[in-house]
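**Student:** Starting from the known structure of chain A, arrange chain B on it as the hints suggest.
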Amino acid sequence: MYEGAIQDLIDELGRLPGIGPKSAQRIAFHIIQSERVDVTRLVDVLRTVKERVKFCTECGNITEEELCRICKDPRRDGTLICVVEESKDVMSIEKTREFRGKYHVLGGAISPIDGIGPEQLRIRELMVRLANPDIAEIIIATDPNLEGEATASYLIRQIRPMGIKVSRLASGLPVGGDLEYADEVTLGRAFEGRRTVE
Amino acid sequence: MAVYRDQAVVLRTQKLGEADRIITLLTREHGRIKAVAKGVRRTKSRWGARLEPTSHVDLQLYSGKSLDTVTQAVSIENFGDRLSENYQHWTVANAILESAERFTQNEHEPALQQYLLITGALKALTYESYDPSLILDAYLLRSLSVAGYAPSLSNCSVCDAPGPHKFFSLVGGGSVCNTCKPSAAPTPAPESLELMSALLSGDWAAASNSELRNRREASGLIAAYLQWHLERGLRSLPLVERM
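So the sequence lines, in the order shown, correspond to chains A and B.
If you read the first sequence in my numbering, its first letter stands for residue 1, the second for the next number, and so on.
If you read the second sequence in my numbering, its first letter stands for residue 1, the second for the next number, and so on.
In short, the hints are calculated from the structure, not lab data.
Some hints here could point you the wrong way.
Using C-beta positions, here's what the derived DEER-type ranges look like [said to hold, decoys possible]:
hint, chain 1, residue 1, chain 2, residue 2, range
1, A, E51, B, K15, 23 to 31 Å
2, B, E29, A, S23, 31 to 39 Å
3, B, G120, A, S23, 38 to 46 Å
The list that follows gives simulated cross-link-like pairs (lysine to any residue, SDA-like), each with its CA atoms no further than 25 Å apart [what the hints assert, rightly or not]:
hint, chain 1, residue 1, chain 2, residue 2
4, B, K44, A, S171
5, B, K38, A, R189
6, B, K38, A, G14
Covered stretches of chain B, going by a simulated chain A footprint (3 or more residues, C-beta under 8 Å) [unchecked claim]:
hint, stretch
7, 48-59
8, 75-83
9, 91-99
For each residue, glycine too, the CB sits at the ideal point set by N, CA and C.
Next up, chain B with everything else stripped away, as it sits in the complex:
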């Protein structure tokens, strides 16, 4: 398989040599890959703005020993142009890109669900379908769920006793009952857990009607839960502008 074609979202770019860049891509069929885009930093580059972070592109690549090489690129949708005009949206997009990279740890391992999640999230963010902060939280929760870490938001995550329960445990994996709770477990408002549930299942009507304090609490829980499972936090998450 010397030359192959795939659709991808650009997650990250790093400078390489004089005018090249290493592009980290999340592809539809080949999972996360790293490829070299030659001459992309020159002003007369034929790639132009196609290989910037958040770009959704149709690519032709040439597989190499350690890195593949991009040989052709056509835009499917250019989210970056609109996202970079709004600083808040840009910070949210960065957190989405970074978490997608972290959730796909092994290169070339197909991650179709992650790919579909990220294209959906970037589209929703670009066209301002919902509140940016809610889009980010929904994306993070669903990524956790795809990775097999979906928090239990009703039943006790340890003994499966039917909920809702008062306590939340990062270690336990979500809501915990009175007997299973570890010491110093936080007690989030029931509305915050309902919001998380709505974000996870895609009930945007309920999520959009939530109150600001519940959104803040849910964001905090999601960030802590994410950090627990990814072992180290996302660098971009503290820089996200929340309303």
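This is chain A alone, in the form it adopts within the complex:
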């Protein structure tokens, strides 16, 4: 055990995800040995993030203003909404440059075992957005695990009566993988979603 401020710093760092006691100690000593200006910059950035960053009132993505960059952009197609679990997923899809519509961030997936039901997610806000008659298609891009699938099933059940086209991201074999290691569910879905070669 160290004394006072050093131990406090190690304890605080140790609470961050993926940081164990050894890593916390290493980072703490790095900070102690760093230049004052570097540490001040880090402190400022941390404070600014907490003060400025909030959630977009429209889609729930992280932003520094009322509306996020994507929701404000008039070139984005407002008739398409891609539903994702986290803000991180928005970034992943943006990197593909395939999607030119807007997003809706749910803030997680339905997981009754963890006490998370539809009420705890931004599903009601999504339904309010869907009341807009211009919306032509909802693309459900929740994670391809069981919680994501169950969330998708719930959303499909809620949206279908509204007469809006609903699609789900395709799932199948990863590029660069080996067929022999594919599990039954993935391989089964890859067969289900196979395409005709022209």
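**Tutor:** Just chain B now, with coordinates in the frame of chain A:
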């Protein structure tokens, strides 16, 4: 025993570090265990969908100090793919998984009966053998029974006077007679107690013919009885969609 093999149902998964998960398993021979599945969250993971909640798998594990590590996994039956397509079934499956975890409190303590119960319940739920709500209630009652908390549904649970009796006591352990009843004991319909009896003994013909109001009453009694014995309720139970 460095490397061992067992069959298991995946009860719960938690994220660990960058791409790993801690998998809670209910195994046939080793009871409930926690194991690390390395790299399972990567898209190119060799585990794929095998280690998702509700998966029934044949595993090879390497025992470690606090957590074991999954080294190989082969699907026996993949319930999750079908269960997650139906939201109601998914909520029921979650309640089953959570109660299995709660009923097996000590890790590495063999719980063969619990294992057989959960595989049976998930199979019945996946293949829609009976009404999902009835499957859940039957599973909960039988889990209570395996744990030694089977409610008495005919004789008085306090003095053993032959029943049926009018009153039901959570504290007493089931039906109670007029003299043994605590104050403010509920008085369920006799048909609801008969339904509970049928679910406990596996008389599905009688259970499937029961009326909706009796099913609702029995579900309420079972949930309250379960909460009394587990000390705190299941988080997933209020989120279960009942018809």
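**Student:** Each hint: holds or not?
**Tutor:** Quick rundown of the hints versus the structure:
| no. | hint | in the structure |
| --- | --- | --- |
| 1 | A:E51 / B:K15: 23 to 31 Å | holds, 28 Å |
| 2 | B:E29 / A:S23: 31 to 39 Å | holds, 37 Å |
| 3 | B:G120 / A:S23: 38 to 46 Å | holds, 45 Å |
| 4 | B:K44 / A:S171 | holds, 12 Å |
| 5 | B:K38 / A:R189 | holds, 24 Å |
| 6 | B:K38 / A:G14 | holds, 22 Å |
| 7 | 48-59 | holds (count 6) |
| 8 | 75-83 | holds (count 5) |
| 9 | 91-99 | holds (count 5) |
Consistency with the previously given hints is maintained throughout, with no hint failing.
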